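These are the residues of each chain, in order.
There are 4 protein chains.
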Amino acid sequence: MCRWMAYSGEPAFVDELLFQPCHSLIEQSRHAHEAKTGVNADGFGVGWYGERDVPGVFRDIMPAWSDENLRALAHQVKTRMFLAHVRASTGSATSRVNCHPFSGGRWLFVHNGQIGDFARVRRTLEATIPDHLYAERHGATDSELIFLMMRANGLEDDPIGATRATLSTVLAAMKAGSANAPLKFTACFTDGQTIYACRFSSDDRPPTLYCGRTAKGWLVVSEPIDTEGGRWNAVPPNHWVTVTPEGPYVEPFSVH
Amino acid sequence: MCRWMAYSGEPAFVDELLFQPCHSLIEQSRHAHEAKTGVNADGFGVGWYGERDVPGVFRDIMPAWSDENLRALAHQVKTRMFLAHVRASTGSATSRVNCHPFSGGRWLFVHNGQIGDFARVRRTLEATIPDHLYAERHGATDSELIFLMMRANGLEDDPIGATRATLSTVLAAMKAGSANAPLKFTACFTDGQTIYACRFSSDDRPPTLYCGRTAKGWLVVSEPIDTEGGRWNAVPPNHWVTVTPEGPYVEPFSVH
Amino acid sequence: MCRWMAYSGEPAFVDELLFQPCHSLIEQSRHAHEAKTGVNADGFGVGWYGERDVPGVFRDIMPAWSDENLRALAHQVKTRMFLAHVRASTGSATSRVNCHPFSGGRWLFVHNGQIGDFARVRRTLEATIPDHLYAERHGATDSELIFLMMRANGLEDDPIGATRATLSTVLAAMKAGSANAPLKFTACFTDGQTIYACRFSSDDRPPTLYCGRTAKGWLVVSEPIDTEGGRWNAVPPNHWVTVTPEGPYVEPFSVH
Amino acid sequence: MCRWMAYSGEPAFVDELLFQPCHSLIEQSRHAHEAKTGVNADGFGVGWYGERDVPGVFRDIMPAWSDENLRALAHQVKTRMFLAHVRASTGSATSRVNCHPFSGGRWLFVHNGQIGDFARVRRTLEATIPDHLYAERHGATDSELIFLMMRANGLEDDPIGATRATLSTVLAAMKAGSANAPLKFTACFTDGQTIYACRFSSDDRPPTLYCGRTAKGWLVVSEPIDTEGGRWNAVPPNHWVTVTPEGPYVEPFSVH
Chain A
1 MCRWMAYSGE
11 PAFVDELLFQ
21 PCHSLIEQSR
31 HAHEAKTGVN
41 ADGFGVGWYG
51 ERDVPGVFRD
61 IMPAWSDENL
71 RALAHQVKTR
81 MFLAHVRAST
91 GSATSRVNCH
101 PFSGGRWLFV
111 HNGQIGDFAR
121 VRRTLEATIP
131 DHLYAERHGA
141 TDSELIFLMM
151 RANGLEDDPI
161 GATRATLSTV
171 LAAMKAGSAN
181 APLKFTACFT
191 DGQTIYACRF
201 SSDDRPPTLY
211 CGRTAKGWLV
221 VSEPIDTEGG
231 RWNAVPPNHW
241 VTVTPEGPYV
251 EPFSVH
Chain B
1 MCRWMAYSGE
11 PAFVDELLFQ
21 PCHSLIEQSR
31 HAHEAKTGVN
41 ADGFGVGWYG
51 ERDVPGVFRD
61 IMPAWSDENL
71 RALAHQVKTR
81 MFLAHVRAST
91 GSATSRVNCH
101 PFSGGRWLFV
111 HNGQIGDFAR
121 VRRTLEATIP
131 DHLYAERHGA
141 TDSELIFLMM
151 RANGLEDDPI
161 GATRATLSTV
171 LAAMKAGSAN
181 APLKFTACFT
191 DGQTIYACRF
201 SSDDRPPTLY
211 CGRTAKGWLV
221 VSEPIDTEGG
231 RWNAVPPNHW
241 VTVTPEGPYV
251 EPFSVH
Chain C
1 MCRWMAYSGE
11 PAFVDELLFQ
21 PCHSLIEQSR
31 HAHEAKTGVN
41 ADGFGVGWYG
51 ERDVPGVFRD
61 IMPAWSDENL
71 RALAHQVKTR
81 MFLAHVRAST
91 GSATSRVNCH
101 PFSGGRWLFV
111 HNGQIGDFAR
121 VRRTLEATIP
131 DHLYAERHGA
141 TDSELIFLMM
151 RANGLEDDPI
161 GATRATLSTV
171 LAAMKAGSAN
181 APLKFTACFT
191 DGQTIYACRF
201 SSDDRPPTLY
211 CGRTAKGWLV
221 VSEPIDTEGG
231 RWNAVPPNHW
241 VTVTPEGPYV
251 EPFSVH
Chain D
1 MCRWMAYSGE
11 PAFVDELLFQ
21 PCHSLIEQSR
31 HAHEAKTGVN
41 ADGFGVGWYG
51 ERDVPGVFRD
61 IMPAWSDENL
71 RALAHQVKTR
81 MFLAHVRAST
91 GSATSRVNCH
101 PFSGGRWLFV
111 HNGQIGDFAR
121 VRRTLEATIP
131 DHLYAERHGA
141 TDSELIFLMM
151 RANGLEDDPI
161 GATRATLSTV
171 LAAMKAGSAN
181 APLKFTACFT
191 DGQTIYACRF
201 SSDDRPPTLY
211 CGRTAKGWLV
221 VSEPIDTEGG
231 RWNAVPPNHW
241 VTVTPEGPYV
251 EPFSVH
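Protein chains in written order, with full-length UniProt numbering: chain A, 1 to 256; chain B, 1 to 256; chain C, 1 to 256; chain D, 1 to 256.
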């Protein structure tokens, strides 16, 4: 399992949100409160939007708390939107190619969760990635695979539909492969304009998800990054969040 | 492209063969003579056999010449058989999971070469890996894929047959996928008892391969590790080498 | 602060002691029980004695729990003596040169503790390192500095005297530099024959230290690596341990 | 020895100058033309000025050509001034703390050269670093040490004077320490407003230095980054360059 955060709003320096809050994502890499694994130190990553057509992505294998490059970069980069992630591996190697966010074109993707008994379905699911996306399979995580499937399933045009179709395929493969562990999917993705987040699991105990407001914009996070309780709204299980400039819109989400 | 070496013989310290010769593999990581790429600095690895059922494997992403762990390990480890590799990436990331040697059970595998236009055939070929080996696909190289295919094709019982069947499948996929670049395969693999090496390409210009003798045993290498010319025998294109305690046996090798 | 362990006895595979116990050092890198910092994931290292005049040293910057090279090496290396360390930085960078064990000739050194307000005395103390050892100052830790001072002060011939002289110099510099935080020194070092360990602090709350016995030899550890309580003896504050083949000998230690 | 580049001018994306030219610094990391060492792959770094009081610094240990974080960062960052460096170690470890640029406050520093027989004078020279700068000695390079000495000697107010005083102290220590190898110092440093560069050696064969013009600003480089010969002016040995918005001003430089 992992922890992640996403920001959308007026341009802000990344470190103001990533490092400075009392229970920041960096702090969560050492001591997460609401995660199965309190230590999320198997790599990290941040993706942000600037003047280019594609987002910047910086990922590395050290714990987020000790990487001086991350600290320096977060101090410099001012952006209207970023995603960040600290990783607790569910099996695959601590390697840059296995770190989030994953990117494709303008899209960024971070994930907290797992495909249950992934080894039993990985081959089946990878074979569903179409040729034109296959070269972007760089690592071995279930997360990168889900993102590639979502892109193949029309993420660009219909994020909810693409996510539902992907999770449906995953669940079918898990059933066919006799996977017993649940599918857990608390993820966040964006095209640089709208942030989408989803809290879903096949056992109705999906990893936590919260929305919050800052002076300058909106946050979507695995768990609150500070102790101002009134600021955070828990997203219910099996719900979908769409964050536009007007704020987050939360709606039910299910997979057939 | 890459450079590699293999040793079989009386127990010897790894650094005597890996570091000390005047044109050692470490020197070749900076200035290879017979490689398309003179600099082979996209990671390295060494695998060796000790008292355990499986070989030890140490791989990392720095240039071989600057890694102090490699130097210390090579100074300590005394072994009757080891393989070592310095990597020049043909596209995939500089990541431990993409470094050679690849291992599986008692087997180790190093490779210098490429599947031509790999992106066009990767999906087809990965789908041939059977379920029981699929979890061992950790990276994104053509080399690791070939090794998994060889294992699936019976490497344990018939190394020549498994290699031939694998390369045949690769060539068929390349043809079907309209890959224009050639297949190049100068590889070495062992079960810890017998060393096998193969020099093959679809265009009859396979990367170089040499056999040589030391006071204590036998070497199979990409290019000579010293200037004692009389000591090295070039293996002709499209030939197979089997190294037993009696020395190397060289025979023609073809793929139908 | 950090966690470490040392073994002396009949040859044993490193992973039997480093990985397999239920509260192994690897487990302690995530969840130490008796340390100020439960997470010790700012690098790790292992040093061992084989057939060479000098010990082997393998150090790296990832958390110990996720490094596959460490796992493979510990599985292969069989040794009559090793030291291992997992690091929680007290300020200096997560870098191989700052990871323990530090080595010099036949000696290895691991440390859990700190020179209080190190920045105020570092310059004074580094200037005491003699010329012939100065080139071995590779990093910026107080631990490496203490080890170099101990070597300068006669570690080879009189370990207790060299340690006492070194800590005395450190305490004098701390006093002169108005350092307020205490000196804490729970360290272990060996010439490959005898293991020495010391539990000392200037405030009488030194980090913990234990001795224990295995079927094949002796352990000295920061905290017990299993739950067999009867097997472990806590070393009192301000004591010195000498481990010979006959077992540990514990005696009072003070600094004037 | 190493290769480096510096840019000052209208805001430009870093990769336009760092990656795209035909003989870019990235290309020089593999195949430098005018360096003693053609391969400069012992780490790299880039420092740039944005909206903060201090510059951003990103340094890492992989060869510059294979680091995807560097590629992504250089693609995103648009800046009016940056320095970049690819390293060929003259002895110290490949470690982030030993990579250039070194930074202090608003200053950045890159260096190509060496203090001859550094081991003989390191201790003497480090002892000259004043207390308030000593904590910034993170690594073990002669380059970082020279930069700290320059800062101690008044770099802020008088760059030429501080450099001359520093090199004078270095030369005196080398003489006292019977260092035979020469001092070589082709370095570049900036406070974010003015770029200073110096080409000096004690044997009158200092590493090369060039100035050049782009459509948007000025470059100072170890060797030309493209083949437009008319664009580059070689700086003579023992000269100093000051780059202001009006362009480079070159003047003789000597050390007494």
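These aren't lab readings, by the way, just hints derived from the structure by calculation. Note that the structure is predicted; figures quoted are calculated from it, not measured. There may be inaccurate statements among the hints.
[As the list claims (entries may be wrong)] Computed cross-link-like contacts, DSS-like style, restricted to lysine-lysine with a CA-CA straight-line distance of at most 30 Å:
no., chain 1, residue 1, chain 2, residue 2
1, C, K36, B, K78
2, B, K78, B, K216
3, D, K36, A, K78
4, C, K36, B, K216
5, B, K216, C, K216
6, A, K36, C, K36
* Asked: What hint numbers does the structure not satisfy?
  -> The structure breaks hints 1, 3, 4, 5; every other hint is satisfied.
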